[in-house]
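Residue numbers (our numbering), protein chains in the order written: chain B, 2 to 223; chain V, 18 to 98; chain W, 29 to 769.
There's no promise every hint is true.
As the list claims (entries may be wrong) - Straight-line Cα separation of at most 30 Å, DSSO-like style, residue types lysine-lysine; simulated pairs:
hint	chain 1	residue 1	chain 2	residue 2
1	W	K249	W	K333
2	W	K249	W	K444
3	W	K235	W	K249
4	W	K102	W	K90
5	W	K438	W	K624
6	W	K363	W	K373
7	B	K135	W	K611
8	W	K724	W	K604
9	W	K363	W	K444
10	B	K78	B	K131
11	W	K444	V	K52
12	W	K99	W	K61
13	V	K52	W	K728
14	V	K28	V	K98
15	V	K28	V	K58
16	B	K131	W	K444
17	W	K449	W	K604
18	W	K444	B	K40
19	W	K53	W	K87
20	W	K604	B	K135
21	V	K28	W	K102
22	V	K20	V	K98
23	W	K249	V	K28
24	W	K449	W	K624
25	W	K94	W	K53
26	B	K40	W	K372
27	V	K98	V	K58
28	V	K52	W	K333
29	V	K58	W	K249
30	W	K604	V	K52
To be verified - One-sided and incomplete, this derived list gives chain W residues near chain B with beta-carbon spacing under 8 Å:
hint	residue
31	S81
32	C84
33	Y86
34	G198
35	K286
36	R337
37	D375
38	Q465
39	V470
40	I475
Bear in mind the hints are in silico, worked out from the structure with no lab data behind them. Idealized CB from N, CA, C, for every residue including glycine.
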Amino acid sequence: MRVGVITFPGTLDDRDAARAVNVAGAQSVALWHNDADLKNVDAVILPGGFSYGDYLRCGAISRFAPVMNLVIDAANKGMPVLGICNGFQVLCESHLLPGALTRNSDLHFLCRDQEIEIINNETAWTSAYKSGEKIVIPLKNGEGSFQCDDETLAQLEGEGRVVARYVGQNPNGSRNLIAGITNERGNVVGLMPHPEHAIDELTGPTAQGLGFFTSILNAMVK
Amino acid sequence: MAKIVVDVMLKPEILDPQGNAVANALPRLGFNFAKSVRQGKRFEIEMDGEPTTAQLEEVEKAAETLLSNPVIENFVVRVEK
Amino acid sequence: MSLDTVAIAQITPDNLQPFAELGLKPDEYARIKEILGRRPTSSELAMYSVMWSEHCSYKSSKVHLKQFGDKAPKSDALLVGIGENAGVVDVGQGYAVTFKIESHNHPSFVEPYQGAATGVGGIVRDILTMGARPIAIMDPLRFGPADAADTRRVLPGIVAGVGGYGNCLGLPNIGGEVVFDETYIGNPLVNALCVGVMKHSDIKLAKAAGAGNLVVLYGAKTGGDGIGGVSVLASETFGAGGSTKRPSVQVGDPFVEKVLIECSLEIFAEDLVVGIQDLGGAGLSCATSELASGGSGGMRVQLDKVPLRDPSLSPEEILMSESQERMCAIVEPQKIDRFLEICKKWDVTVTVIGEVTDGDHFEITWNGEVIVNVPPRTVAHEGPVYNRPLAQPEYIDRVNSAEVIVPLPKTPLEIKEAVLKLAAAPNLADKSWVTSQYDKYVQGNTIQSQPDDSGMIRLDETTNLGVAISTDANANWSYLNPYQGAKLALAEAARNIATAGARPLAVTNCLNFGSPEDPGVMWQFAESVRGLADGCLEMGLPVTGGNVSFYNQTGAVAILPTPVIGVLGVIQDVRKRTPMSYKEAGLELFLLGETKADLAGSEWAFLHGVRVGQSPDADLAKEMRLIEFLLEGNGFFAAAHDLSQGGLSAVLTEMVLRNGVGASVVLNNPAIDLLSETPGRVVVAIKPEDVSLLEKLSQKYSIEISQLGTTGGDSLIINETSISLSELREVHTSTFPRLFG
Numbered sequence: 002m003r004v005g006v007i008t009f010p011g012t013l014d015d016r017d018a019a020r021a022v023n024v025a026g027a028q029s030v031a032l033w034h035n036d037a038d039l040k041n042v043d044a045v046i047l048p049g050g051f052s053y054g055d056y057l058r059c060g061a062i063s064r065f066a067p068v069m070n071l072v073i074d075a076a077n078k079g080m081p082v083l084g085i086c087n088g089f090q091v092l093c094e095s096h097l098l099p100g101a102l103t104r105n106s107d108l109h110f111l112c113r114d115q116e117i118e119i120i121n122n123e124t125a126w127t128s129a130y131k132s133g134e135k136i137v138i139p140l141k142n143g144e145g146s147f148q149c150d151d152e153t154l155a156q157l158e159g160e161g162r163v164v165a166r167y168v169g170q171n172p173n174g175s176r177n178l179i180a181g182i183t184n185e186r187g188n189v190v191g192l193m194p195h196p197e198h199a200i201d202e203l204t205g206p207t208a209q210g211l212g213f214f215t216s217i218l219n220a221m222v223k
Numbered sequence: 018m019a020k021i022v023v024d025v026m027l028k029p030e031i032l033d034p035q036g037n038a039v040a041n042a043l044p045r046l047g048f049n050f051a052k053s054v055r056q057g058k059r060f061e062i063e064m065d066g067e068p069t070t071a072q073l074e075e076v077e078k079a080a081e082t083l084l085s086n087p088v089i090e091n092f093v094v095r096v097e098k
Numbered sequence: 029m030s031l032d033t034v035a036i037a038q039i040t041p042d043n044l045q046p047f048a049e050l051g052l053k054p055d056e057y058a059r060i061k062e063i064l065g066r067r068p069t070s071s072e073l074a075m076y077s078v079m080w081s082e083h084c085s086y087k088s089s090k091v092h093l094k095q096f097g098d099k100a101p102k103s104d105a106l107l108v109g110i111g112e113n114a115g116v117v118d119v120g121q122g123y124a125v126t127f128k129i130e131s132h133n134h135p136s137f138v139e140p141y142q143g144a145a146t147g148v149g150g151i152v153r154d155i156l157t158m159g160a161r162p163i164a165i166m167d168p169l170r171f172g173p174a175d176a177a178d179t180r181r182v183l184p185g186i187v188a189g190v191g192g193y194g195n196c197l198g199l200p201n202i203g204g205e206v207v208f209d210e211t212y213i214g215n216p217l218v219n220a221l222c223v224g225v226m227k228h229s230d231i232k233l234a235k236a237a238g239a240g241n242l243v244v245l246y247g248a249k250t251g252g253d254g255i256g257g258v259s260v261l262a263s264e265t266f267g268a269g270g271s272t273k274r275p276s277v278q279v280g281d282p283f284v285e286k287v288l289i290e291c292s293l294e295i296f297a298e299d300l301v302v303g304i305q306d307l308g309g310a311g312l313s314c315a316t317s318e319l320a321s322g323g324s325g326g327m328r329v330q331l332d333k334v335p336l337r338d339p340s341l342s343p344e345e346i347l348m349s350e351s352q353e354r355m356c357a358i359v360e361p362q363k364i365d366r367f368l369e370i371c372k373k374w375d376v377t378v379t380v381i382g383e384v385t386d387g388d389h390f391e392i393t394w395n396g397e398v399i400v401n402v403p404p405r406t407v408a409h410e411g412p413v414y415n416r417p418l419a420q421p422e423y424i425d426r427v428n429s430a431e432v433i434v435p436l437p438k439t440p441l442e443i444k445e446a447v448l449k450l451a452a453a454p455n456l457a458d459k460s461w462v463t464s465q466y467d468k469y470v471q472g473n474t475i476q477s478q479p480d481d482s483g484m485i486r487l488d489e490t491t492n493l494g495v496a497i498s499t500d501a502n503a504n505w506s507y508l509n510p511y512q513g514a515k516l517a518l519a520e521a522a523r524n525i526a527t528a529g530a531r532p533l534a535v536t537n538c539l540n541f542g543s544p545e546d547p548g549v550m551w552q553f554a555e556s557v558r559g560l561a562d563g564c565l566e567m568g569l570p571v572t573g574g575n576v577s578f579y580n581q582t583g584a585v586a587i588l589p590t591p592v593i594g595v596l597g598v599i600q601d602v603r604k605r606t607p608m609s610y611k612e613a614g615l616e617l618f619l620l621g622e623t624k625a626d627l628a629g630s631e632w633a634f635l636h637g638v639r640v641g642q643s644p645d646a647d648l649a650k651e652m653r654l655i656e657f658l659l660e661g662n663g664f665f666a667a668a669h670d671l672s673q674g675g676l677s678a679v680l681t682e683m684v685l686r687n688g689v690g691a692s693v694v695l696n697n698p699a700i701d702l703l704s705e706t707p708g709r710v711v712v713a714i715k716p717e718d719v720s721l722l723e724k725l726s727q728k729y730s731i732e733i734s735q736l737g738t739t740g741g742d743s744l745i746i747n748e749t750s751i752s753l754s755e756l757r758e759v760h761t762s763t764f765p766r767l768f769g
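Just chain B, with the same shape it has in the complex (with noise of 0.2 Å):
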């Protein structure tokens, strides 16, 4: 089972992801913006980062690179895409999953041990874990504030495709605590936390990020 991991100048957590997806028993294969083909992937993973410098807005530019194309073909065609963070901007400027990502409430970047709990466990990326289970990931960004409009959030929660809600005080001003969400069909995942800095006690707060890697090892088995 090959899952990309797509590097965008500007990409941070590439090796952390490919790091991830390899600890979970499936094998990373490393994507650049500029490739011209997806090299028989079965998933692409949209680390977090800056893209760009996160110049004009966060993921505007990425979402224009010659890779992106050929992501967008395949995830209408039901290909799994999860994208953290950075990944997560790239989703919504690509227009695969609604809504943006905004300035968090504080203005300031924020790093911490963040708990949310996992709402939609039928997803490719989600199905290793419990409906409610409630896990401890990094958060880190300056612009994680889910926004939308009231239609599309009415959307979102009557289809069920809010994937994590944040636990506790909003850290970021996110429009009903949405950590992460999902498109209709449920391959497309976009995730502010990031589960891959959470695989291991040593390097992360905990290793409940696994969980989304084994997912879409599981969901490619079946």
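Starting from the structure of chain B, add chains V and W where the hints point.
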């Protein structure tokens, strides 16, 4: 009701990484018109009635102390009808 | 518009030149003429003026810094010593680590965000230049009083700048300091440390060897950043209004730097460079002259080939520009195609601007005309050296002979108030408001970060080899006794490494002082350097490099002497480190080391506006025994935490709050036991059955141990005083949000 617009731009001699990134992205999308791009901020301030000269002076002062960083930015205040 | 060339300089020997405006003394100008046998061209004058400045030439500090070499302990660990961009240390398993601290104090006062951001950018390029992948940063910061209006302007901007740049580069920020004192108002200290890792074979040096090799400039285009001082030349040469306004502030572009790092590492991996240098202070002048000076021969540079952001720049300004995110490489002709290809992949601007030559001429041309022709060493390495007058300032005897008079808590209520007062003090309060703005997780190798005693990074995922780093300074002690102060900071930094179980290996420093033209400041500096050199010799730790920042003063008031000492250590298996606090109840708490009535220079004295008395004397032999004790005890310590500012009171606060497990201790002399800052002390938590092991180590290393109490509960109990963890936490964590929003 009047609308006062304050445009804040980096001074011409100051490096603008954001503008550069946009300038570099444009040709990648097939837009070849831009020689350079500078990115700035625009503030829209609403107030009741026509602003007096004294009020405009106050806006200038606010623009200088709060809305812009005079070390690296210039600003322009104008009234929009 | 006229170009000042070597040919013109030869036939116009008497042209007046603005050397004084450029900061050169008459005798320095005379020496330049003597070296060249003619007057310098305006470009040459610009180069000499900036390369012979205090910042680049270390002309006031050199005579003292020599001691780091003269007194260097024998060390097999040092692969590259002082003089290169950063020292390189062997940490075993074929890995080499390089680390260095630099200051960016004044720019951060002028424009806090950009000043701090470009400070981080500069030190990261220094580390990259050695051939290493940067793996972490730390940021020792100092500000005026926490409640001063200017601190509220400067601190948030500096913190956001450190974070904004470092986060965007993908470098975990693993520690630092935030200290407040009134002498730093108008003179905030922004010191930034970077550490990088490489294999031994990948070490790169700043030398331009091999005639015919190409000089390649890559990275950002050159603009008019940071050339304020040199614009006097431009106006001389071109007449008033000839050139556009030059910015006084450098703006960093962390995205360009991130791409530059990845591009450079790919270039290094394919062994495509002979030598490399980053462009920092004094820009292209410094990089090219140092490369030429460090190599075998000369160099010829076609300055008109340098890609410009601002086409109106004069040759003098291009030479001086401090535009960020640029590197200069020496590349063999047969490797240049591959070099250009990698730059293209990363969208990095790259230009061949010259070549290495035989002989010892450093020649720069502008559209074919020779505008610089100098012996490279005279610019880069043979600048002036001053033995500035120094004298012990009058305050020393006065403060040393004065008695430390501060109130001491006696009743249970007074003890509670003292503990809470220290827990809330800006210098000791929880720093999450600052550190939560820094990414500590990126790269996935962070084992420890703030508020731990040291930052720790895993180097190898298979063997779990790691390094730990701590930076420390105690300016209060350095004020009372700069010689002891430097030694004590060294000891503290080393101890902070050892509490986690890492063995101290090497030292770097950032020496922040007032004006070297003040004999009293110069004495503080000389004493600090002597103390650090003696301390390093005694502890067997080599100094791998450092940075001097002078002129940190407002009017006649200098900052406290602030030598920031960084110590790097190695730990064989990061999984076996000792954490700074415990998670279980029922453990025994012991104090290692002896407590004396050391209140001079303490945080308690500072809180009462008292800065008199005598600093403790550093007992480095004992510190070294304590380090061995800690390393051997690493196997059974449940926790170990260093005592420094705030003494036992601060340590207990930090330990009980870290994992929310309380403690109950009994103290014979609570006021002194809680508030004294006697150096060489550590609190450890151990299982009751391990007490005999601790006693054995105590005897083996002749370090006193005393039982403090036990862990558990939801309070910190000191004799009859009980403080609930929730109250302690509220006080400890609310200071920064209250001050800075």
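Next item on the list: Give me the numbers of the hints this structure contradicts, sorted from smallest to largest.
Entry: Going through the list in order, the structure violates hints 2, 9, 11, 12, 13, 16, 17, 18, 21, 30, 31, 32, 33, 36 and respects the others.
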